[in-house]
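Asker: Chain by chain, the residues:
There are 4 protein chains.
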Amino acid sequence: MKNLFLKMTVSALLLWPDVAGAQVRHEIHVPDLAGYQVLKCDFHMHTVFSDGTVWPTVRVEEAYREGLDAIALTEHVENRRHAEDIQAHHGRSWEIAQKSAKAYDILLIRGSEITRSMAPGHFNAIFLEDCNPLDQKEWKDSFSEAKKQGAFLFWNHPGWARQQPDTTLWWDEHTFIYDKGWMQGIEVANSSSYFPEAHRWCLEKKLTMMGNSDVHPPIGMVIDFAKGEHRTMTFVLAKERTLDGIREALDNRRTIVWIDDLLIGEETYLKELFEKSVEVVKVNRKDDRCSIVLQNHSDLTFHLKKTEHDKGIEYFRTFTIEPQSRHTIGVRYSTRPVDGRIHFEVTNLLVQPDKGLDYDYSF
Amino acid sequence: MKNLFLKMTVSALLLWPDVAGAQVRHEIHVPDLAGYQVLKCDFHMHTVFSDGTVWPTVRVEEAYREGLDAIALTEHVENRRHAEDIQAHHGRSWEIAQKSAKAYDILLIRGSEITRSMAPGHFNAIFLEDCNPLDQKEWKDSFSEAKKQGAFLFWNHPGWARQQPDTTLWWDEHTFIYDKGWMQGIEVANSSSYFPEAHRWCLEKKLTMMGNSDVHPPIGMVIDFAKGEHRTMTFVLAKERTLDGIREALDNRRTIVWIDDLLIGEETYLKELFEKSVEVVKVNRKDDRCSIVLQNHSDLTFHLKKTEHDKGIEYFRTFTIEPQSRHTIGVRYSTRPVDGRIHFEVTNLLVQPDKGLDYDYSF
Amino acid sequence: MKNLFLKMTVSALLLWPDVAGAQVRHEIHVPDLAGYQVLKCDFHMHTVFSDGTVWPTVRVEEAYREGLDAIALTEHVENRRHAEDIQAHHGRSWEIAQKSAKAYDILLIRGSEITRSMAPGHFNAIFLEDCNPLDQKEWKDSFSEAKKQGAFLFWNHPGWARQQPDTTLWWDEHTFIYDKGWMQGIEVANSSSYFPEAHRWCLEKKLTMMGNSDVHPPIGMVIDFAKGEHRTMTFVLAKERTLDGIREALDNRRTIVWIDDLLIGEETYLKELFEKSVEVVKVNRKDDRCSIVLQNHSDLTFHLKKTEHDKGIEYFRTFTIEPQSRHTIGVRYSTRPVDGRIHFEVTNLLVQPDKGLDYDYSF
Amino acid sequence: MKNLFLKMTVSALLLWPDVAGAQVRHEIHVPDLAGYQVLKCDFHMHTVFSDGTVWPTVRVEEAYREGLDAIALTEHVENRRHAEDIQAHHGRSWEIAQKSAKAYDILLIRGSEITRSMAPGHFNAIFLEDCNPLDQKEWKDSFSEAKKQGAFLFWNHPGWARQQPDTTLWWDEHTFIYDKGWMQGIEVANSSSYFPEAHRWCLEKKLTMMGNSDVHPPIGMVIDFAKGEHRTMTFVLAKERTLDGIREALDNRRTIVWIDDLLIGEETYLKELFEKSVEVVKVNRKDDRCSIVLQNHSDLTFHLKKTEHDKGIEYFRTFTIEPQSRHTIGVRYSTRPVDGRIHFEVTNLLVQPDKGLDYDYSF
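Those protein sequence lines, which keep their order, are chains S, P, Z and U.
Each residue of the first sequence is one higher than the one before, counting from 195 in our numbering.
Each residue of the second sequence is one higher than the one before, counting from 195 in our numbering.
Each residue of the third sequence is one higher than the one before, counting from 195 in our numbering.
Each residue of the fourth sequence is one higher than the one before, counting from 195 in our numbering.
Note that these hints are calculated values from the structure, not bench results.
This structure is a prediction, so every number in the text was calculated from the model and none was measured.
Cβ atoms here follow ideal geometry from the backbone N, Cα and C, with glycine treated the same way.
Careful: at least some of the hints might be erroneous.
[As the list claims (entries may be wrong)] DSBU-like, lysine-lysine: derived pairs with alpha carbons at most 30 Å apart:
{"no.": "1", "chain 1": "S", "residue 1": "K331", "chain 2": "S", "residue 2": "K342"}
{"no.": "2", "chain 1": "P", "residue 1": "K421", "chain 2": "Z", "residue 2": "K421"}
{"no.": "3", "chain 1": "Z", "residue 1": "K549", "chain 2": "S", "residue 2": "K499"}
{"no.": "4", "chain 1": "P", "residue 1": "K296", "chain 2": "S", "residue 2": "K480"}
{"no.": "5", "chain 1": "P", "residue 1": "K476", "chain 2": "S", "residue 2": "K433"}
{"no.": "6", "chain 1": "P", "residue 1": "K499", "chain 2": "U", "residue 2": "K499"}
{"no.": "7", "chain 1": "Z", "residue 1": "K500", "chain 2": "S", "residue 2": "K421"}
{"no.": "8", "chain 1": "S", "residue 1": "K293", "chain 2": "P", "residue 2": "K470"}
{"no.": "9", "chain 1": "U", "residue 1": "K500", "chain 2": "U", "residue 2": "K549"}
{"no.": "10", "chain 1": "P", "residue 1": "K293", "chain 2": "S", "residue 2": "K470"}
{"no.": "11", "chain 1": "S", "residue 1": "K296", "chain 2": "P", "residue 2": "K476"}
{"no.": "12", "chain 1": "Z", "residue 1": "K480", "chain 2": "U", "residue 2": "K296"}
{"no.": "13", "chain 1": "P", "residue 1": "K421", "chain 2": "U", "residue 2": "K500"}
{"no.": "14", "chain 1": "P", "residue 1": "K296", "chain 2": "S", "residue 2": "K470"}
{"no.": "15", "chain 1": "P", "residue 1": "K331", "chain 2": "P", "residue 2": "K341"}
{"no.": "16", "chain 1": "S", "residue 1": "K500", "chain 2": "Z", "residue 2": "K421"}
{"no.": "17", "chain 1": "P", "residue 1": "K499", "chain 2": "U", "residue 2": "K421"}
{"no.": "18", "chain 1": "P", "residue 1": "K334", "chain 2": "P", "residue 2": "K400"}
{"no.": "19", "chain 1": "P", "residue 1": "K500", "chain 2": "P", "residue 2": "K421"}
{"no.": "20", "chain 1": "S", "residue 1": "K480", "chain 2": "P", "residue 2": "K293"}
{"no.": "21", "chain 1": "U", "residue 1": "K476", "chain 2": "Z", "residue 2": "K296"}
{"no.": "22", "chain 1": "U", "residue 1": "K470", "chain 2": "Z", "residue 2": "K293"}
{"no.": "23", "chain 1": "Z", "residue 1": "K421", "chain 2": "U", "residue 2": "K421"}
{"no.": "24", "chain 1": "U", "residue 1": "K470", "chain 2": "P", "residue 2": "K549"}
{"no.": "25", "chain 1": "P", "residue 1": "K480", "chain 2": "S", "residue 2": "K293"}
[As the list claims (entries may be wrong)] With the Cβ distance kept under 10 Å, some of the chain P side facing chain Z (calculated, not the full set):
{"no.": "26", "residue": "W249"}
{"no.": "27", "residue": "P250"}
{"no.": "28", "residue": "E256"}
{"no.": "29", "residue": "I290"}
{"no.": "30", "residue": "F419"}
Work out the full structure, taking the sequences as your base and the hints as a guide.
Answerer: If you want it as structure tokens, here you go:
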């Protein structure tokens with residue numbers, strides 16, 4: 195078993211792939227917003243270099259397939275589940291994935307997960323130059339080292355049942371971290387969980403809203419793409435499709451979190467997102483009714499729910515606008531109303547914790 | 195049971211839909227060719243007005259969902275399977291579907307299927323002004339009436355086992371029809387069958403190649419879209435997306451037939467289709483090998499098979515380029531060849547009956 | 195256009211299908227309950243003979259594909275949207291589908307939908323002998339005629355926004371109908387809507403809970419089977435797989451309604467359903483933790499939510515048991531509890547309006 | 195970075211999963227044959243411990259999901275692509291996966307791939323007790339060590355273009371190996387390739403036919419399950435579902451290889467497989483035609499092609515029997531034939547290289 199490297203030189207010849215696997219990319223169609231490109235990003239994931247079960251290159255290929263623009267590999271600093279078999283420094287997975295990222299044109303961000311018991315729990319540091327200095331006995335030293343490198347730091351899964359069994363709390367340690375300037379964002383969504391408390395904290399404390407997959411196994415084992423599922427991710431409203439572009443947007447809190455059908459972000463962005471995605475193609479007006487034909491040009495779903503309205507008008511209780519689809523909304527009235535207007539909430543565009551976007555449309 | 199019409203006025207109120215069904219459109223991505231738009235068309239299908247099992251509007255909604263531009267409803271003139279329950283004139287299904295076609299922006303072509311035993315078998319007449327004159331005792335009279343209206347006529351499923359049990363034959367009647375100018379095209383593909391004989395006849399006799407679904411039930415019962423299947427259809431290279439645009443293209447034989455992975459048409463169009471679909475993104479050259487990175491921008495698949503080549507070069511036996519995908523082709527050589535060139539056949543781009551497109555690529 | 199029937203005899207030869215379409219059946223796996231077979235039934239749907247858009251045989255083929263045991267075709271008596279083209283008596287769709295039902299071994303129930311404005315709204319009468327006597331000017335006469343034939347009658351979509359725009363109300367007419375014995379059940383679920391008020395009424399008034407698709411177009415246009423969706427249906431706990439078996443079960447209120455992931459029914463049945471579906475395969479006990487391995491043998495999903503529990507024990511906040519799957523539930527404790535027990539609500543097994551099944555498990 | 199193991203003890207608490215991922219098993223339905231159970235096995239795959247990209251436990255979870263009974267992890271002895279980061283002995287991946295295999299009830303076979311240039315190319319040794327002795331300079335020594343342990347040895351992908359660029363050849367080395375008793379089987383199919391030459395060699399030399407996935411990445415990246423695809427595998431006709439049961443069956447050549455729709459094996463097994471899978475449910479005889487209703491109870495597809503037949507009878511040219519489906523075959527004749535019989539080849543049941551099973555059916 196010695197001389198493994200020598201053998202590798204020989205055997206590379208034996209194993210050079212006859213046919214490299216096909217990677218089929220599925221773009222995610224979302225309109226530009228406020229003059230920015232909308233980049234699809236996932237800032238939290240693992241490989242065999244911490245407690246994940248895939249080789250780092252797999253994360254790049256998955257990102258390419260799913261139409262992502264950027265990912266961060268964020269191995270646990272303090273947890274190396276496979277350490278008996280894998281010895282490497284903390285930034286090793288990023289190094290390995292880098293070549294593949296270039297080949298697939300995926301922006302690859304160097305990161306680490308500072309992994310502590312509550313408080314403060316788990317934090318991601320991204321845009322690191324070197325992951326290794328974060329390996330410290332005291333968590334404060336880890337944070338300090340990350341900050342020295344100018345990292346962007348955010349609190350992961352603040353409502354994780356394992357660390358916050360009953361309620362999602364903000365601890366003294368978080369005040370300390372926040373005051374130090376060591377927390378720029380929070381995961382409002384992680385994997386399949388949305389945390390309304392974190393949503394509120396981001397609004398109150400001007401923190402960047404993050405949504406990430408935190409994926410450990412091959413992603414196809416947890417996300418069923420054939421069923422239209424997608425990983426939890428962050429839409430970043432960037433001036434340019436570069437690492438710098440992403441960083442600038444994160445620093446200025448220009449993000450929207452996408453988890454299941456939910457979209458979480460600033461009201462002004464969500465409103466524009468709705469208006470640019472859903473076009474009113476045609477309105478057919480009759481004496482006692484009217485039909486509004488819509489075209490959804492995006493890959494997003496919108497759930498509408500009737501709110502306070504003129505009692506002389508009758509329309510849907512709830513209505514779902516499917517991705518890339520054409521719909522007809524029917525409105526009825528006894529006499530043509532002077533001010534024809536339907537009112538509804540887009541319940542999955544969260545402008546506040548568990549509160550959708552109010553909207554009305556004149557027909 | 196009298197006064198049904200009077201009741202309908204009343205009950206329309208009762209049944210006005212709360213929420214109209216969503217129709218999600220999936221575009222088919224194919225590059226423009228030779229300066230023409232590539233319209234996706236299906237010129238052969240049935241409804242309850244002949245022996246199909248759906249209402250005519252369903253055909254429009256299906257077309258919208260599948261990304262089609264144009265369809266023809268072609269009810270059998272001589273066969274009205276549901277005649278005990280449905281009485282209507284021959285162009286009735288077109289009338290019913292017309293409103294829906296406008297709503298979904300589908301071009302709707304009026305047609306009929308002249309349905310006779312072999313010879314001459316079944317023919318479609320499309321671009322009719324009135325279907326009813328085709329209802330004649332003698333098939334020649336049907337053809338003559340169609341031609342009077344300036345219809346485009348083509349022979350359907352010439353190799354249908356039911357009418358040509360052993361071999362696919364050209365009968366005297368077809369010579370008669372051809373000489374009369376009553377046959378402008380032939381179905382080279384119908385439903386799941388490709389007819390190489392018809393392919394040859396089209397090339398020899400300068401006839402337009404057609405490919406159609408001939409669908410009778412709801413299309414989801416015969417095509418499994420989740421598996422990536424598509425209906426057999428005709429790509430029409432048109433100057434404009436109008437009925438006239440389609441007719442002009444058919445008259446000038448600018449079509450490509452798409453059945454399963456097969457694409458059947460003029461070599462010049464198929465070559466351009468391949469070159470515009472598959473981009474060489476990058477070539478990495480080393481002393482003893484080279485890798486060619488490809489991006490397929492289309493929704494089409496391409497199957498490559500190695501042909502006669504320089505023996506000093508080693509590459510795939512076969513290679514499949516998947517839709518919307520990125521691939522890497524590896525080439526190996528002992529010494530850098532003066533004339534680096536791989537030769538292959540794109541086996542599913544049929545330029546002749548059962549013969550693919552020959553191609554080579556210099557690296 | 196005369197002599198259509200004569201033509202049919204001839205043309206049947208021309209059209210006799212070369213290859214009949216494949217119909218692939220997907221069984222729905224649900225355990226037997228309380229000694230009864232669980233039949234999968236849909237008692238509400240339409241064809242071109244009222245305002246649907248498919249031929250009656252399509253409904254049978256769809257039922258076969260989806261693993262159903264029984265369906266009722268329930269055309270609107272008062273609404274014949276396609277009456278201009280289709281003239282037939284009210285039981286005609288049942289007659290047409292009967293042959294196909296025998297071929298696919300689907301139990302076919304003759305029914306009609308009495309279609310009136312609110313109140314009383316729409317009612318289905320099933321197990322009719324003749325649909326035609328229900329065609330009456332006054333709705334009471336329709337009900338009376340149905341009852342004369344021994345029909346089973348139930349109220350359809352009681353919360354349909356079109357007829358109950360703001361709230362789901364019980365009208366005086368429903369009291370009248372109920373007192374007369376003309377209402378044996380209510381649709382607790384119709385298409386994609388669940389009606390908690392109807393759920394409550396069924397419990398209070400001892401009415402049979404029904405869940406039906408009310409499908410109008412080809413079902414593949416509204417249900418995306420590739421995404422794991424299913425039509426809303428009624429599980430009938432029957433002594434035998436016959437029409438009589440179904441009727442006896444309906445008369446004795448032995449049903450469970452299945453809509454999306456929700457299952458609505460008597461607590462005793464739902465509890466048995468959970469226990470027979472989900473097997474505890476293994477329990478691994480350690481000093482400070484325990485893992486419980488589960489196997490779900492059914493095609494149903496179960497959503498668990500932690501309820502009041504011993505504070506020394508720590509486990510999931512929520513947990514989803516997927517169909518046909520193996521899961522591990524982890525429980526942690528500081529010291530091995532004397533009475534190890536986790537408490538949770540199965541939130542999608544509705545034993546009361548919007549109230550799940552309470553359950554606990556000793557480990 | 196020291197003290198990683200100490201950290202692991204701590205951090206295990208931090209990472210103990212809130213909710214373990216669901217693994218949904220899809221059984222593969224195939225009838226028992228010749229009194230044996232049909233076990234679904236894959237004897238060739240890789241992990242990060244050679245040149246794969248997943249952790250060994252992933253292979254077990256994949257196997258569970260896909261309905262497999264047994265797998266062998268067969269890391270390359272001579273190629274350890276990730277050796278810079280992963281140092282371990284040759285049987286390490288088996289050790290790691292063992293616990294997971296027990297949890298999911300997957301039979302886990304210890305193996306290694308002897309990885310040499312042609313000749314002799316690559317061979318798998320399975321049922322090893324210790325992989326490490328196979329790490330030898332000379333390939334003969336590797337084979338000899340494997341044989342000492344009583345391993346079962348088979349030749350992998352004999353037609354791999356990388357090693358056999360033009361034709362699939364049997365080399366002198368293979369004669370040597372065969373004569374030594376070091377070759378008990380050959381991969382007739384590997385990944386997406388079928389090798390007819392290997393099929394012939396197995397028949398001539400009484401070798402066991404093997405079919406394996408040889409998967410390297412997460413399997414969902416190469417097999418699209420939503421499209422109904424499956425990995426290439428070996429059906430093993432075993433007396434019992436144990437490692438010994440599998441070994442006994444392999445030693446006695448009781449296997450069928452499944453690749454795409456192809457099934458490759460002894461004619462007697464394939465014939466029984468067809469007859470037990472496809473039941474004739476009903477035959478409807480008329481004066482001039484007959485329809486045969488079939489039910490396919492298996493998850494396999496069968497492709498039929500008409501062969502030499504009585505000219506007075508007319509039936510399909512080709513016919514596909516889909517998995518788990520009901521079909522109707524139509525037969526027509528002018529006068530009721532004395533000896534009604536249709537003849538066809540089941541083209542995807544390969545009893546010889548590229549030659550299907552001949553069959554006839556009397557109606």
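Asker: Against each hint, give a clear statement of whether it holds in the structure.
Answerer: Structure-based check of each hint:
no., hint, in the structure
1, S:K331 with S:K342, "holds, 17 Å"
2, P:K421 with Z:K421, "holds, 12 Å"
3, Z:K549 with S:K499, "holds, 23 Å"
4, P:K296 with S:K480, "holds, 18 Å"
5, P:K476 with S:K433, "holds, 27 Å"
6, P:K499 with U:K499, "holds, 26 Å"
7, Z:K500 with S:K421, "holds, 27 Å"
8, S:K293 with P:K470, "holds, 28 Å"
9, U:K500 with U:K549, "holds, 14 Å"
10, P:K293 with S:K470, "holds, 28 Å"
11, S:K296 with P:K476, "holds, 12 Å"
12, Z:K480 with U:K296, "holds, 18 Å"
13, P:K421 with U:K500, "holds, 27 Å"
14, P:K296 with S:K470, "holds, 24 Å"
15, P:K331 with P:K341, "holds, 16 Å"
16, S:K500 with Z:K421, "holds, 28 Å"
17, P:K499 with U:K421, "holds, 24 Å"
18, P:K334 with P:K400, "holds, 22 Å"
19, P:K500 with P:K421, "holds, 28 Å"
20, S:K480 with P:K293, "holds, 16 Å"
21, U:K476 with Z:K296, "holds, 12 Å"
22, U:K470 with Z:K293, "holds, 28 Å"
23, Z:K421 with U:K421, "holds, 12 Å"
24, U:K470 with P:K549, "violated, 39 Å"
25, P:K480 with S:K293, "holds, 16 Å"
26, W249, "holds, 4 Å"
27, P250, "holds, 9 Å"
28, E256, "holds, 8 Å"
29, I290, "holds, 8 Å"
30, F419, "holds, 8 Å"
In this structure, only the earlier hint numbered 24 is contradicted, and the remaining ones agree with it.
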